[in-house]
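Peer 1: Residues per chain are reported as follows:
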Amino acid sequence: PRATITVKLLKQESTGRPITLEGLFVRGSEGKAQGKLMQSHPLSLCNTSEDERQESIFISIVKLESPESKVPQCQPLLDKARLALQRGAQAVIFDISDDPSAAQELRDGSSLADPVVLVTSSDADELMGLVNKNEEAMVYIDIMIDSPTWPHYDV
Amino acid sequence: GNKQVSGVSSQGCQGGCQTCSVYNGCLTCKPKLFIHLERDGMRQIGVCLASCPNGFYGTRSPDRNDCIKCGSECDSCFNRNFCLRCRAGSYLHKGKCMESCPDGLVPSDTKKECV
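For the record, the sequence lines run as chains A and B. Each step along the first sequence adds one to the number in our numbering, with nothing skipped, and position 13 is 13. Each step along the second sequence adds one to the number in our numbering, with nothing skipped, and position 17 is 17.
Think of the hints as simulated: they come from the structure by calculation, not from any bench. Glycine included, every Cβ here is placed at the ideal spot set by N, Cα and C. Treat the hints with caution; some may be incorrect.
[Unchecked claim] Within a straight-line C-alpha distance of at most 30 Å, the following computed BS3-like cross-link-like pairs (lysine-lysine) qualify: (1) B:Lys30 with A:Lys70; (2) B:Lys30 with A:Lys133; (3) A:Lys133 with B:Lys69; (4) A:Lys32 with A:Lys11; (5) B:Lys69 with B:Lys112; (6) B:Lys32 with B:Lys69; (7) B:Lys32 with A:Lys70; (8) B:Lys96 with B:Lys112; (9) A:Lys8 with A:Lys133; (10) B:Lys69 with B:Lys94; (11) B:Lys111 with B:Lys94; (12) A:Lys36 with B:Lys111; (13) B:Lys112 with A:Lys70; (14) B:Lys94 with B:Lys112.
[What the hints assert, rightly or not] Chain A regions said to be covered by chain B (calculated; three or more residues, Cβ under 8 Å): (15) 33 to 44; (16) 62 to 69; (17) 77 to 90; (18) 130 to 136.
Take these sequences, add in the hints, and give me the full structure.
Peer 2: The structure is reproduced here in structure tokens:
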């Protein structure tokens, strides 16, 4: 199930053109969500880490690192997603560009209460680029409607 | 040498980092240092410190040393359950921050303690 991710920069909310990106829902977690884009460090979603309350309605984005980086896993990705949602995230976006195996680990999201989306390559770069420049942005997640393919008629 | 693996390296990292990346900052710290997750607007990056900042306490475990936030009313603590200094409006009594003091004690605004 594919997701559309529409991004509006807060400083140009009325004038600027939204950026439309694509992602993949973790199966079973499809749905709509919106909120301010906020980064969560992978280690912030361990059970030991503090419960960092946000004031605004937000969507968490987590850049997963390659296995070689030896970042302690601390808990399964599904539990990390669940923890982020419990802490108030309206949805979670995982950038799996450097950890493609995460898609396998996150193959069944039926137990998740809210949307969890995987992004890679240019879509991920766009989102993380905004985070890196601290460009505040509202993100709107929705289910992508595949345009129907019309059967070929011999006219 | 310091092999660059998909953006993760030990080269070009902030002082105490063992490994770091462009987006997440420090991922692992050099021995004995604590990893602290700093919020900077939208960003949340890891930094490695010899000791945790005010409002946090340090915990050590085999695979990493963390800075964990003190309780909500606490400015400085020994651990999650033992506060050393409370925030304004709360008074320290036996390691806890209280809005009012138990019988027989009175709040001291200067010390922020029940005395």
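Peer 1: Now tell me if each hint is right for this structure.
Peer 2: Verification of the supplied hints:
1. Annotation: proposed proximity of B:Lys30 to A:Lys70 holds, straight-line Cα distance about 13 Å (limit 30 Å).
2. Between B:Lys30 and A:Lys133, the direct Cα distance comes to roughly 27 Å. Compliance with the 30 Å bound is thereby established for this hinted pair.
3. With a C-alpha separation of about 26 Å, the suggested pairing of A:Lys133 with B:Lys69 holds against the 30 Å cut-off.
4. Using a Cα cut-off of 30 Å, the hinted pair A:Lys32 and A:Lys11 holds, with the two alpha carbons roughly 23 Å apart.
5. Taken as a hint, the B:Lys69 and B:Lys112 pair is honoured in the structure, with Cα atoms around 20 Å apart against an allowance of 30 Å.
6. Note on B:Lys32 and B:Lys69: the hinted pairing holds, with a Cα-Cα distance of about 19 Å set against a maximum of 30 Å.
7. Straight-line distance between C-alpha atoms of B:Lys32 and A:Lys70 comes to about 17 Å, which keeps the hinted pair within the 30 Å bound.
8. As the CA atoms of B:Lys96 and B:Lys112 are separated by approximately 11 Å, the hinted pair is consistent with the 30 Å bound.
9. This hinted pair checks out: A:Lys8 and A:Lys133 have alpha carbons roughly 15 Å apart, not beyond 30 Å.
10. This hinted pair checks out: B:Lys69 and B:Lys94 have alpha carbons roughly 19 Å apart, not beyond 30 Å.
11. Of the supplied pair hints, the one linking B:Lys111 and B:Lys94 holds, its CA atoms being roughly 14 Å apart against a limit of 30 Å.
12. A threshold of 30 Å between alpha carbons decides the hint, and for A:Lys36 with B:Lys111 the separation of about 40 Å lies outside it, so the pair is violated.
13. In summary, the hint linking B:Lys112 to A:Lys70 is not supported, as the alpha carbons are separated by about 43 Å, beyond the 30 Å threshold.
14. With a CA separation close to 13 Å, the supplied pair B:Lys94 and B:Lys112 stays within the 30 Å bound.
15. A count of 9 residues in the stretch 33 to 44 of chain A with a Cβ less than 8 Å from any Cβ of chain B is obtained; the coverage claim is therefore met, three being the minimum.
16. With 5 residues bearing a CB less than 8 Å from a CB of chain B, the stretch 62 to 69 of chain A meets the requirement of three and the coverage assertion stands.
17. For a cut-off of 8 Å, the count of residues in the stretch 77 to 90 of chain A with a CB near a CB of chain B stands at 0, and the three-residue condition is violated.
18. With 6 residues having a beta carbon nearer than 8 Å to a beta carbon of chain B, the stretch 130 to 136 of chain A meets the requirement of three or more and the stated coverage holds.
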